[in-house]
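Fit chain B to the given chain A structure using the hints.
Protein chains: 2
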Amino acid sequence: MYSYSYLFDFTQSVFEKMGLSTGEARQAADILMRAELRNISTHGLVRLPEYVRLWQDKRITVTPEFVVVHETPSTALVDGGKGLGLITAPKAMNLAIEKAKTAGTGWVAVRNSYHFGIAGYYAMKALEHDMIGITMTNTNPLVAPTYSKYGMLGTNPIAVAIPAGEEPPFVADFATSPVSRGKVDVFESEGKDTPDGLLQDNQGSPTIDSSILRNGGALRTLGGDMAHGGHKGFCLTSIVDIFSAVFSGANFGPTVVPTLGYVKDKAGAEDNGIGHFFGAMRIDAFQTAAEFKAGMDKWIRTFREAEPVDGKERVIIPGDPERKSEAKKMKEGIALSKKSLDGLKNVAGIFEIPFEVL
Amino acid sequence: MYSYSYLFDFTQSVFEKMGLSTGEARQAADILMRAELRNISTHGLVRLPEYVRLWQDKRITVTPEFVVVHETPSTALVDGGKGLGLITAPKAMNLAIEKAKTAGTGWVAVRNSYHFGIAGYYAMKALEHDMIGITMTNTNPLVAPTYSKYGMLGTNPIAVAIPAGEEPPFVADFATSPVSRGKVDVFESEGKDTPDGLLQDNQGSPTIDSSILRNGGALRTLGGDMAHGGHKGFCLTSIVDIFSAVFSGANFGPTVVPTLGYVKDKAGAEDNGIGHFFGAMRIDAFQTAAEFKAGMDKWIRTFREAEPVDGKERVIIPGDPERKSEAKKMKEGIALSKKSLDGLKNVAGIFEIPFEVL
Numbered sequence: 001m002y003s004y005s006y007l008f009d010f011t012q013s014v015f016e017k018m019g020l021s022t023g024e025a026r027q028a029a030d031i032l033m034r035a036e037l038r039n040i041s042t043h044g045l046v047r048l049p050e051y052v053r054l055w056q057d058k059r060i061t062v063t064p065e066f067v068v069v070h071e072t073p074s075t076a077l078v079d080g081g082k083g084l085g086l087i088t089a090p091k092a093m094n095l096a097i098e099k100a101k102t103a104g105t106g107w108v109a110v111r112n113s114y115h116f117g118i119a120g121y122y123a124m125k126a127l128e129h130d131m132i133g134i135t136m137t138n139t140n141p142l143v144a145p146t147y148s149k150y151g152m153l154g155t156n157p158i159a160v161a162i163p164a165g166e167e168p169p170f171v172a173d174f175a176t177s178p179v180s181r182g183k184v185d186v187f188e189s190e191g192k193d194t195p196d197g198l199l200q201d202n203q204g205s206p207t208i209d210s211s212i213l214r215n216g217g218a219l220r221t222l223g224g225d226m227a228h229g230g231h232k233g234f235c236l237t238s239i240v241d242i243f244s245a246v247f248s249g250a251n252f253g254p255t256v257v258p259t260l261g262y263v264k265d266k267a268g269a270e271d272n273g274i275g276h277f278f279g280a281m282r283i284d285a286f287q288t289a290a291e292f293k294a295g296m297d298k299w300i301r302t303f304r305e306a307e308p309v310d311g312k313e314r315v316i317i318p319g320d321p322e323r324k325s326e327a328k329k330m331k332e333g334i335a336l337s338k339k340s341l342d343g344l345k346n347v348a349g350i351f352e353i354p355f356e357v358l
Numbered sequence: 359m360y361s362y363s364y365l366f367d368f369t370q371s372v373f374e375k376m377g378l379s380t381g382e383a384r385q386a387a388d389i390l391m392r393a394e395l396r397n398i399s400t401h402g403l404v405r406l407p408e409y410v411r412l413w414q415d416k417r418i419t420v421t422p423e424f425v426v427v428h429e430t431p432s433t434a435l436v437d438g439g440k441g442l443g444l445i446t447a448p449k450a451m452n453l454a455i456e457k458a459k460t461a462g463t464g465w466v467a468v469r470n471s472y473h474f475g476i477a478g479y480y481a482m483k484a485l486e487h488d489m490i491g492i493t494m495t496n497t498n499p500l501v502a503p504t505y506s507k508y509g510m511l512g513t514n515p516i517a518v519a520i521p522a523g524e525e526p527p528f529v530a531d532f533a534t535s536p537v538s539r540g541k542v543d544v545f546e547s548e549g550k551d552t553p554d555g556l557l558q559d560n561q562g563s564p565t566i567d568s569s570i571l572r573n574g575g576a577l578r579t580l581g582g583d584m585a586h587g588g589h590k591g592f593c594l595t596s597i598v599d600i601f602s603a604v605f606s607g608a609n610f611g612p613t614v615v616p617t618l619g620y621v622k623d624k625a626g627a628e629d630n631g632i633g634h635f636f637g638a639m640r641i642d643a644f645q646t647a648a649e650f651k652a653g654m655d656k657w658i659r660t661f662r663e664a665e666p667v668d669g670k671e672r673v674i675i676p677g678d679p680e681r682k683s684e685a686k687k688m689k690e691g692i693a694l695s696k697k698s699l700d701g702l703k704n705v706a707g708i709f710e711i712p713f714e715v716l
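First to last, the protein sequences are chains A and B.
Residue numbering for the first sequence is 1 to 358, as defined by the numbering used here.
Residue numbering for the second sequence is 359 to 716, as defined by the numbering used here.
Hints are computed from structural coordinates only; laboratory data are not their basis.
Be a bit skeptical, because a hint or two may be false.
Said to hold, decoys possible - Here are the in silico distance ranges between beta carbons for each label pair: (1) Asp583/B / Ser205/A: 18 to 26 Å; (2) Asn215/A / Val425/B: 58 to 66 Å; (3) Val357/A / Asp583/B: 15 to 23 Å; (4) Ala685/B / Asp209/A: 40 to 48 Å; (5) Gly311/A / Lys682/B: 42 to 50 Å; (6) Asp551/B / Asp297/A: 36 to 44 Å; (7) Gly549/B / Asp225/A: 17 to 25 Å; (8) Phe424/B / Glu332/A: 53 to 61 Å; (9) Ser683/B / Asp201/A: 28 to 36 Å; (10) Asp196/A / Glu649/B: 36 to 44 Å; (11) Arg384/B / Asp209/A: 53 to 61 Å; (12) Asn215/A / Asp668/B: 12 to 20 Å; (13) Thr419/B / Gly182/A: 51 to 59 Å.
What the hints assert, rightly or not - Okay, the calculated bits of chain B under chain A, using three or more residues with CB under 8 Å as the criterion: (14) 371 to 385; (15) 406 to 416; (16) 569 to 575; (17) 593 to 600.
We treat Cβ as the ideally placed atom computed from N, Cα and C, and that holds for glycine.
This is chain A alone, in the form it adopts within the complex (with noise of 0.2 Å):
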């Protein structure tokens, strides 16, 4: 087990290596930990080769331009810059909270950004200034909307996290596709196979295959096929798409330029980033902000009273188990994956940064 503050320091040494200010450093540290805490390591430390790639590969920039291209009140278009998501996202975030203290609501469009860890990460930044934080992004295209032979659409996670009185906030964060990608490599490494469904191979039919996605295979949406509410899937990963890059003018669908080794490039797209899209909404801009937190207190515990189905505990109030996890892992540790341990041996190589594997 690795103590937190050892892969805190040792991701920001990265980060440092990679040219990141001392600060930027340490915030897309945060962003990451934050992932390994709340045990969503899909989207931890397994994608740090994947960030010091895209730099190799000189697809991102380390020092981006944070620029507002366009605004209203509530509103703002920004550019990336081709920077690190990691870096972009929380200023975005910022701008929306800004905007959301004297409009009542802020909406920010990211276009030129990458990919930008757990989007919950940002939605949750809003808790603490007594806002609802929303959080969307489009990704690299996997998933095969509803009749399509392909894979035409990301994964496109929303989080949406709401504060509470007494309670602890809930917190949405979730990939609209059925699984993540992330998932997917998970059952493939450990030589597992997909539960029917959730697959298809190179020609739209069903499958099992946990490798299929190296192999022109796609996810289905959430949902399945039509009889099943696959359609809605269809819908839900489309609006998280044209809200994070047709807003904002980011490459949509399967225009984005994959960061996947095993997506084919669609020849020739301009590269316009990967797009994101973040909202505000003060707790008091609808009721008072004490209305508001009575409000969500009777809602949590409603339904985290409610009978459960035989042999379920309870109904699982979406960021429990998460934040039980990070009480957790502070505490006890966080253990890696094989992938990610080679991982960061292979990173801490590069940058001849000193890594001890346990």
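Chain B only, in chain A's frame:
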């Protein structure tokens, strides 16, 4: 087949007999008829008897006050005064549009309202102002959260309407449950089973019995079980519930006082009606309107022209089938189901309005 104008006039007369002004009766008829035209007949004239019953039971007023309780430059809370959603919702959407004109975006939460027809109607109202429209509402508690034995959430629809340039708009309008309650009613009336994975019985066990909602059963969330992302569907439906009802102070989740006879009422719940949430965003809030429209045209064409799986004609852009249906039914007429016909005959009898059974 009935002509559009015959059914519109009949519906307007019913609302006038209930005491609505001519203008509001026409507005209400327009919403229900739009559902018929768009082939969302589960939210069309089949609902008219439900509205009449709510009025007979004195649960709704037909001359509600529309009170703005609280506001910021981009938001407002409206108390709908226990009015029909068909009267209150159009005004609330207009308020969101007015807010967006100056603040860039406008967001209105409504409490003390009732069923408002198809969510898409209001979202589409934004299109004529070169705005994106968003609508949510909560509804009768029929959807079981992941691990819950009972239905606690509504089928809580979301609609998002996004203008394009030369292409028709993107209009997604969907219950966040895998199927709507109306669809299960249709399976039941046709004596058909409901596809596997969509329903659970009064112990939370899977069932295909289409009468189960009347017998203590519930709909499952979009995705189904955890392995297929059902907890994401739970998050999504919860977010709609919170935005619609906790933001506004309406009755949330299982505390919604049912409008369906077969949903158990939670004794003693204070009745603040159901809640809606409306959003309007200027398309030039992020980029110029011209850039936005060009981007949406490109998005729509990219997906419409994608290679389909064998046996399917093309990927369907949200809104395409409904728009085609509108054109067809305006020209060829509207067929009513036996349930709709019986309901309209009944309503005609109550108000002594002629209704011709074809």
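For each hint given before, does the structure comply? Return the numbers of the non-compliant ones in rising order. 3, 14, 15, 16
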